[in-house]
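Line by line, the protein sequences give chains A and B.
Every letter in the first sequence is one number past the one before it in numbering that gives the first Met the number 0, and letter 208, counting from 1, is 207.
Every letter in the second sequence is one number past the one before it in numbering that gives the first Met the number 0, and letter 45, counting from 1, is 44.
Be aware that a few hints might be false.
Said to hold, decoys possible - To give an idea of the chain A side of the interface with chain B (calculated C-beta under 8 Å), a few residues: (1) M0; (2) P40; (3) I84; (4) A154; (5) I183; (6) T201.
Said to hold, decoys possible - No farther apart than 25 Å at their CA atoms in a straight line, the calculated lysine-lysine pairs in the DSS-like style are these: (7) A:K33 to B:K3; (8) A:K37 to B:K3; (9) A:K33 to A:K129.
Don't read these hints as lab results, they were simulated from the structure.
Idealized CB from N, CA, C, for every residue including glycine.
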Amino acid sequence: MHIPDGFLNAGTLAGTAVVSAGGIANAVRVVGKKFGEKQVPLMGILAAFVFAAQMLNFPIMGGTSGHFMGAALCAVLLGPWAAVIVFTLVLMAQCFIFQDGGMLALGANIFNMGIVGGLGSYAIYRLGLKVFGVSLRSKMAMGYIAAWFSVVLAATACALELAISGVSPLGGVLTAMVGVHAIIGLVEGAITVAALVLIRSTRADLLELQETEVCI
Amino acid sequence: MKNKKWWLCAFVFCLMLATLSPLASSSPDGLESVAEEKGFVDMSASSPFSVIADYMFPGIHNEALATILAGWIGTTLLFALVFGVTWLITRVRKSKLSPG
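Work the whole structure out from these sequences, hints included.
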């Protein structure tokens with residue numbers, strides 16, 4: 000859901016860019032304070048994975064495709080601020096090198112996928128662990144649910160921005176965006192859990208990084 | 000699995016994913032198809048310049064090869080970029096906390 004230039008008006012672009020800049024500044028502060036040699040390579044791997052997986056569009060119904068986003072996977076593994084750093088750099092590369100997502104819309108794309116997707120899914124994940132406990136089963140179930148929400152929340156933010164910009168009436172664009180991304184989110188959940196299972200079976204210690212060392 | 004070997008395996012796994020990119024669906028994605036349905040897709044402005052536009056390395060006629068090459072470049076670049084920036088952020092922060 001990379002927004003191209005031309006969709007959003009100046010006010011919406013400026014507003015989302017300011018919030019994204021604030022989010023990035025805080026992400027740099029948190030990551031600088033809490034991350035060490037164990038998290039640094041995992042950040043690189045997550046970015047490589049997010050980039051590669053985002054190229055793999057899969058067909059859903061009605062001649063539409065979707066792709067994995069990855070904000071929830073980053074947030075569950077390394078916390079929401081890690082997701083903000085990873086998404087800022089992935090979206091910058093996609094925008095400036097691969098001409099995917101507008102240059103003026105970069106702040107809005109970082110806001111939707113990194114900040115709303117990352118922080119939103121992380122909040123849901125933590126809330127779920129509080130309610131259902133921290134067993135492996137509840138971690139995987141909440142990973143799936145958080146991943147579904149990361150896509151749907153980002154799509155909601157995108158629809159709101161389109162409506163505020165006067166591009167399309169809110170009711171219609173919100174229903175359409177949430178409808179499509181509710182389906183894409185099911186695949187997002189499956190890939191996120193598959194990645195978590197794969198990491199757990201080979202390097203279980205990496206799953207504990209976020210809980211022991213990085214809270215907020 | 001040993002630390003270094005795991006990172007290498009994970010990176011190679013990402014490169015293998017990127018190698019699958021020619022198989023990706025070329026149908027419009029969620030936002031694009033909503034934009035078509037709601038009639039505002041023509042508002043989109045294309046970039047004033049292009050480097051590896053549309054995930055196709057320029058100058059290669061074989062589309063699959065051009066896409067795979069773009070995928071490998073992006074995957075490698077993102078690993079290096081995010082690794083480097085995160086390393087820098089953690090280092091700058093620590094040198095500020097304990098000067099000298």
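task: Tell me, in ascending order, the numbers of any earlier hints that this structure violates.
output: Structure breaks no hint.
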